[in-house]
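K.L.:
Listed below, chain by chain, are the residues.
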Amino acid sequence: MSLDLRQLYDEHAPALFAFLLNFTRREADARDTLQELFLKLIARPELFVGVQNRRAFLLRLTHRLAIDAHRRRSVHEAAVERAAAEPAALFVDGADPDEAAFRTALTEALAALPAEQRAVVHLKLWEQMTFAEIAEALEIPANTAASRYRYGIDKLQALLRPLYEELR
Amino acid sequence: MNEFERKLSQQAFRRPPADLRAVLFGASPPVADFAPPPTLWTWRDWFWPSPHAWGALVALWMVFVVQQRDHRPPRSPEGAALWGLSAVVQWSGSELTSPAPTPPAELRGEDTTLLAFHTPRELHHALDSLH
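The listed protein sequences correspond, in order, to chains U and H.
Under the numbering used here, read the first sequence as residues 1 to 168, first letter to last.
Under the numbering used here, read the second sequence as residues 1 to 131, first letter to last.
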């Protein structure tokens, strides 16, 4: 069997990096974790044997690696939240100042969410995954994924409503 | 997905650093070859080549085991006693239900009370000694 790793990178790395950037809130951490993930895959391509949904599988590995990386840096999961207090630039810059303001506000609002809520919101909104797929990727029950999403989106809506209404 | 959620999902995330791809794949070959790991052993691997033969063997064993269980005396003393008792009852039952012995020709029409206590063979002996 063979696995085209460059093709795999081209297809999935942008989504994985976006997830990592949103989850860790630090560009250096996102980069390190993405690199660690692909180094593992280069060393052990047989991990893909029998995998049906590569994106979901890669997101699961990425999530695990991101958590492990944070645990290595600090024994407390609060490290994720501390990191989230210093939000990295998450989104592509645009010319429209109103949209730029909304993106900045969204970046800050996402930082206000707990890391695990943010992970669920990210996979639902930006990966269009179902709750069952999110549950599998994050290794949580589907009901938990659904409730985390509901809490997360409600909080985002509360934080962004004034700006969102203004832009409409 | 409502309008607010759609608006959020339209925001494009930044892409991975441009140099990361080169760092990762600079020296490694683009395509990784690997042997699939050995599959786990299953019962099917054994049964598949001749399922009918295995099935017949299992059936034969079942018959054998059932027969053995019916004819073998139990190992515990209580069980053995019960088994012995049931064997006696079975034997006596067959004795009672079997037809009465035919009296010897010499005794036909005579009193056959003796037949209740002696076998025909013993009666023959007795008659011979009288002659």
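It is possible that part of the hints are untrue.
As the list claims (entries may be wrong) - Partial pick of chain H residues on the chain U-facing surface, computed with a CB cut under 10 Å: (1) E3; (2) F25; (3) W54; (4) R69.
As the list claims (entries may be wrong) - Derived Cβ-Cβ restraints for the label pairs, each shown as a range: (5) A22/H x V92/U: 19 to 25 Å; (6) N53/U x D70/H: 53 to 59 Å; (7) V66/H x A43/U: 35 to 41 Å; (8) P114/U x A22/H: 53 to 59 Å.
Claimed, not checked - Chain U regions said to be covered by chain H (calculated; three or more residues, Cβ under 8 Å): (9) 51–57; (10) 140–153.
Just so you know, these hints were derived from the structure itself, not from any lab.
Even glycine gets a Cβ: it sits at the ideal position worked out from N, Cα and C.
K.L.:
Each of the hints needs a verdict: does it hold here or not?
P.N.:
Structure-based check of each hint:
Taking 10 Å as the C-beta contact cut-off toward chain U, the hint placing E3/H at the interface holds, the least distance being around 8 Å. Restraint check, F25/H versus chain U: the minimum CB separation of about 5 Å is within 10 Å; hint holds. Hint status for W54/H relative to chain U: violated, with the closest Cβ pair at about 28 Å, above 10 Å. The restraint placing R69/H at the interface with chain U is violated, with a minimum CB-CB distance near 45 Å, outside the 10 Å limit.
About 21 Å separates the C-beta atoms of A22/H and V92/U, a value consistent with the hinted range of 19 to 25 Å. Between N53/U and D70/H the beta carbon distance is about 57 Å. The supplied range of 53 to 59 Å therefore holds. For the hinted restraint 35 to 41 Å between V66/H and A43/U, the CB-CB distance of approximately 57 Å leaves it violated. Between P114/U and A22/H the Cβ separation comes to about 35 Å, which falls outside the hinted range of 53 to 59 Å.
Against chain H, the segment 51–57 of chain U contributes 0 residues with a C-beta closer than 8 Å to a partner C-beta. That does not satisfy the three-residue criterion, and the hint is violated. Restraint check on the segment 140–153 of chain U versus chain H: 1 residues with Cβ-Cβ distances below 8 Å, three needed, restraint violated.
Hint compliance for this structure: hints 3, 4, 7, 8, 9 and 10 are broken, all remaining hints hold.
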